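Quick note, the sequences are listed as chains A and B, same order. Residues in the first sequence are numbered from 12 upward in steps of one, following this note's numbering. Residues in the second sequence are numbered from 28 upward in steps of one, following this note's numbering.
These are calculated hints, taken from the structure and not from any lab test. None of these values were measured; they are calculated from a predicted model. Cβ atoms here follow ideal geometry from the backbone N, Cα and C, with glycine treated the same way. Do not take every clue at face value.
Unchecked claim - As a list, the in silico DSS-like pairs of lysine-lysine whose alpha-carbon atoms are at most 25 Å apart:
(1) A:K187 x A:K238
(2) B:K147 x A:K53
(3) A:K30 x B:K33
What the hints assert, rightly or not - Selected chain B positions facing chain A (in silico; Cβ < 10 Å):
(4) T34
(5) T81
(6) H87
(7) G101
(8) K148
(9) K159
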Amino acid sequence: MYAAPFSYHRPASLQEAIKLLEELGEEARIIAGGQSLIPLMKMRMARPSALVDINFIPGLSEIRAHQGELRFGALTRHAEIENSEVTAAIPIVHDCASGIADVQVRNQGTIGGSLAEADPSGDWGTVLQTLETSVRCFGPKGERMVALEEFIKDAYTTVLGHEELVTEVIVKLPPKGSGGAHLAFKRSAPVYPTVSVATQVTLEGKNTCKDARIVMGCVGLTAIRAKEAEAMLRGKTLNEKIVQAAAESARETAEPQSDMRGSADYKRVLLAALVRRAIGIAARRARGERAEAGHEYVGR
Amino acid sequence: MSDAEKTLVRIRVNGEFREAQVEPRTLLVEFLREHLNLMGTHIGCDTTYCGACTVILNGHTVKSCTLFAPMADGGEITTVEGLAKNGELHPIQEAFAECHGLQCGFCTPGLLLSTMYLLKKTPKPSDQQIRKAIAGNTCRCTGYQNVFKAIRTAAAAMEKP
Chain A
12 MYAAPFSYHR PASLQEAIKL LEELGEEARI IAGGQSLIPL MKMRMARPSA LVDINFIPGL
72 SEIRAHQGEL RFGALTRHAE IENSEVTAAI PIVHDCASGI ADVQVRNQGT IGGSLAEADP
132 SGDWGTVLQT LETSVRCFGP KGERMVALEE FIKDAYTTVL GHEELVTEVI VKLPPKGSGG
192 AHLAFKRSAP VYPTVSVATQ VTLEGKNTCK DARIVMGCVG LTAIRAKEAE AMLRGKTLNE
252 KIVQAAAESA RETAEPQSDM RGSADYKRVL LAALVRRAIG IAARRARGER AEAGHEYVGR
Chain B
28 MSDAEKTLVR IRVNGEFREA QVEPRTLLVE FLREHLNLMG THIGCDTTYC GACTVILNGH
88 TVKSCTLFAP MADGGEITTV EGLAKNGELH PIQEAFAECH GLQCGFCTPG LLLSTMYLLK
148 KTPKPSDQQI RKAIAGNTCR CTGYQNVFKA IRTAAAAMEK P
């Protein structure tokens, strides 16, 4: 399949990239790893008149631990995050990075591109909303930091201006006694999840939930926070009954659509099961236990 | 499209320097097949799913149907044509032949390169590591059992000094 024709531009710096976007007009787009954009272009669902390729701009793919934060350059590939020792501090980040699509896609796709594309089925938008995450944006007026919840506005829509791009993704390390888990159910490795759930649970003592975040992916136009379910857990002792109630509540909050990955009813049932399991794994990790999470598919 | 709108793509493929002027929308796999006449890299699904188009770009496997050729400019690429040396099959190719790790052979170039990438990073892979390494390579003939045998056999053969 061929994409519609476009002109190709390769800036050597961020400033040059911005200037190109200004000159090339509204139909020009940034390309990073291209693992979401290129398939859309091949299906002619996206037809940019020009591509500004930022892959040749140096310094955009570093992972740094800095004052209680992890900082990912926008061009950091999923595989680099998967294999990074620094990210071991946040297991949920590893859950996500190590299971996105397959080896080849993880070698090419980037964290900044995933957020900027804001695909409703993308994993990073779901996972990183369980943590304090901000997105560093750069444009003609300079830099600004945007909280991730405000960054993604709708499916395929962010607050980025036309001449603005993502340069860094900054994730605050969770407090002590906090654990997270990402569970994504896929039909096979290379595809987007049918449903995914990311949770972060902070415990007080052995089993009292001090704080919880539950974010659901692929069941709405953007990732959805199950705020009522979170409130049900807060301050409570975690037991089967309360976790089940939270899962039921999350199921009501979701807005799944029937599509080739499954019916809306099926997705709600799957979602409740994933919420239950994700809370359990997050709590175990919060207690310092080892527990497996990540993407699940037949043949894994 | 006029020549003026074409982009020069210069890459080193299997150690050899190659270049061509192409439309920017040319996919890397089309660049390899149609401009450089390297037909070993296959186009299967053309939708980033099947992995038949897998090549090694700058040390990492990628799906060459999901990269525009100019994005690989200045890069170093290994395709299936680069595995055999002086008429001698690579140990990975030997193992796939010996274990019958293929039937129709369409997915094989991609599987060989994914295996090469795996064994470079993980010389003694567990079954789980093998499964994860080839999760992006779809084969509709073998049922994968002989592919697993081939990868284990290749790992053993490459370990010997």
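Output the indices of the hints that this structure fails to meet, ascending. 2
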